[in-house]
Structure formats: structure tokens, C-alpha cells
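Listed in order, the protein sequences are those of chains A and B. In this note's numbering, each residue carries its 1-based index in the first sequence increased by 583. In this note's numbering, each residue carries its 1-based index in the second sequence increased by 10.
Simulated from the structure, these hints should not be mistaken for lab results. Values in this document were obtained by computation on a predicted structure and should not be read as measured data. From the three backbone atoms N, C-alpha and C, an ideal C-beta is built for every residue, glycine too. Heads up, none of these hints are tricks.
Partner residues are not named here, just some residues of chain B that face chain A (Cβ under 7 Å, in silico):
(1) Gln-30
(2) His-32
(3) Pro-33
(4) Asp-36
(5) Ser-61
(6) Phe-62
(7) Glu-65
(8) Phe-69
(9) Leu-73
(10) Ala-77
(11) Ala-81
(12) Pro-82
(13) Gly-84
(14) Ser-144
(15) Ile-145
(16) Glu-149
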Amino acid sequence: MEFFIRNRNIVAFVGFTLFCIVSLSIQSTTFVFTLEGIGSAFMSPFQKAYDGIQGGMGRLWAGFTELNEVREELRKTREKLQQYESIAEELNEIRYENDHLRKILNLSERIGYESIPASIIAQDPDNWFRTLIINRGKSDGVMVNMPVVAYKEDDKAVVGKVVEVRGSISRILPIISSDIRVGIKLGEGREPGLLYGASSNANVCVIDYISRAVPVKFNEPVITSGQGGVFPAGLSIGTVIKSEVLESSAYQRIIVKPVIDFNHLEEVFIIKKEPDKELLQIFGEVE
Amino acid sequence: MTVIPYIFTAVLIILSLIIQGHPSFDVISIAGVKPDLLFILIVYLAYSFGSFYGEVTGFISGLLHDAISNAPLGFLTFPKMALGFIAGMFGRSIIKSNIITVSLIIFIASLIKGLITLILAYIFHQASISTVISIILPEAFYNALIAPPLFFIFDKIYEKELEREGF
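Given the sequences, and given the hints that come with them, work out the whole structure.
Now the structure itself:
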């Protein structure tokens, strides 16, 4: 016993090192998940409280300073509303026509999904990982692998997918993370490819597996393919800003700027689409 | 030590994790890299109060860091704990505290922490050597830049305890 007390520095170091090695080796087990859950449950009230205080102070300050901006926004919104009212009538006609044509062609109806609004309360506190924590969890019906979207002005676009769900919070893996894999279609040619985050500190994505022979234009849109079992087809992701052809590869490396500005992202929507388990099993890590 | 410094340490750990994780903190990130306040605190505690205090604080705060991060449990804990242990060997009695030494200690400690994390990433997660340029070096510079004012604040917080230790 005296030996342990006399050499407590070394004993603690060896003990802690062993603990770290064991927990890293047995990732994704109930033991590790429970320990992480305890830590997360301990920290989440502080995170929520800080977010509440910071948000409250921000709103209070905005009340004093943003009155003119709000007036201008209101004027613009009224103008837009008038435009949309006229579009709505036109849209009803188009919808009717679309349904009619779908019936003729014997196509199944598109399924609309409900969504859960959520606020981002924290980010990954380390530079090595890029996840977002939202204030909705299991109690709100959130499930792992549900897609997450957000709006930028009028455009709806992909933010990422849910990777961890706890009682009242969840973790999102954004499309700018190098850990994610999303099946996409590129441009008018609908070329299929695989998208992931470019690096740990850049807000751009990379598309792989697009043949060198495919012509890629600047600003071409990138959408989800819907083939991975997580994201519905046709969701906007971003636009092409650069294409690199490497001598050593049969594919191009395409850099994509996401529609969503991840530096200013505050509100997101979780699409209540249950993941296709069969597809996920087939694809493994992809999507 | 009395109970008060432990309470200070617990509050500082929670505060560091909240600040580092909140989106409003993005304002001070340079080229997408944030300083690691928690790590600076651990090195300060090890440098001022010895290896044992440093490694225990590094271990406990590292576990909390792992729990709220997407990192596998132990991934962020081990480098913090190891650097708490190492920094404690070069305490105040060996290296006197001034702006240059503080910046240098934090810079070197941040580099070692980054390299340990990179090795762990290679073994247990996924890693790219480009992270040396994109994360490790910028973070080390950033940590070294903000360490002197933070050490000054910590000196004020732990003033009585430092006096008791004879500094």
C-alpha cells in the first residue's frame, strides 16, 4: 500500500492509460455507451443553460438594435407573401396536372415527410471532430440515421444525419465532416458519386467516384441520390466550385460548396423518415 | 489543498467545455481552428501543482470531453492525461513563469498532444497526415498566443493556493 502512495503519480498514470486503451479497444459496447451517457447527461444541463442565457441576452440586445431591420424584413415579407399567393393558385393547377399524369403513367405517389424543428445548442468542442448537438432527442421521436435539413433563405438543403440520440439531445454528423458518406447525383447528367467532408476545418465537401470523362461545370447542382437508405432523393446539397483531375486516379475530385452556411447555422429540421434498415445493412458505412 | 481549489477547477472545466462547444465561440476561431482552453487549464494545473493533480484533472476532464464529443471514449482523454503527467515534471520550481516560457510550454505541449492524438486516430479512428498542418500546428500557435493572459487569470484564481505552495 505504501508503494502505491509513494508512487501515486506513476500508478495513476499506468491505471488511466490502461483504462483509455481498454475503452478505445471496446468501442460501441454498452459499457462505453453508458459511461459516455453519464458524462453527456452531466454536461447537457450546463450546455442548455448556457445556450438559454446566451440566446436570451442576444434576443434582449436584438430588441434594442434590430427594430429597423425587422421593419424592413416585414415589408419584404409582405411583398413576398403577395407573390406566393399568386404562385399558390398556379401550383394547385400544376399539382392536379401532375397527379393526373402520374396516374396515367402508373407511378406511385411521392411521400411527404413530417419534420421536427430543433436548435443547435452546442458543437463538438474539439478541432478533430465536427458534430452538432441539438435540443431534440428520443423523447421527441428522433432516431439514429434520420436526415437533417435546414433553410437558407428559401432553399431547403441537407445539413447531415443523426448519429446519436439521447433523452432530450441528439448528435448530428454534418456533410462537412470527413466521417460522413452520402450518395449523390451531380448536375443535369445525374452522374452518381459519393460525397464527404473535405477536412476537419474547411466548410466544403468532396465528391469521389465521378469518372474523368464526365464534363463537370462550375456551379452545377449536387443533390441526394436517395439510394443509401438515409436521405430522400432530390434534396439539395450544394454546388460545384472546383474539379481536379489527378494523373494517378481514374476519377475526378470535385469540390462542392454546401448551400448551408455552417458558420451561421442555428435552426434545423429533422425529417421523420425511418432509415431503410435493409439498405443500410447492405451499404454498411455508406450513408 | 482545501476544497475551494477543487471547486474552482470543476467550474473552470465545465466553463471551458461549454465555451469551446457553443456556436458563439466560433467568432474567435481562426481558419476553422479553435483554441483548446481545457488543455491550457490542465497544463497550468500540472505546471503549478504537480503531475498527480495534472493527470487526474486531465483524465476526468478528458472523459467529459469525450462524452460530449463524437470521439471514442479515451481518444481525447489519453493525450490530456499524458500531458498533465508530463507537464507536472517541469513545474514552476524548474521553469520560472513568464510570457515567453508560458507560451513555449503550451506550444510544445500542444504539439505533443496533437501528435499523440494523430497516432491514436491512426490506430482507433481515421487520420490524415495533413491534420498536422490543418489542425495541430494552428492549434498549437493559437494556444500559445492566448496562454499568457489565461495563466495570468488562473494565477489570480489560485493565488492563495500558489502562496501555500511557496510560489
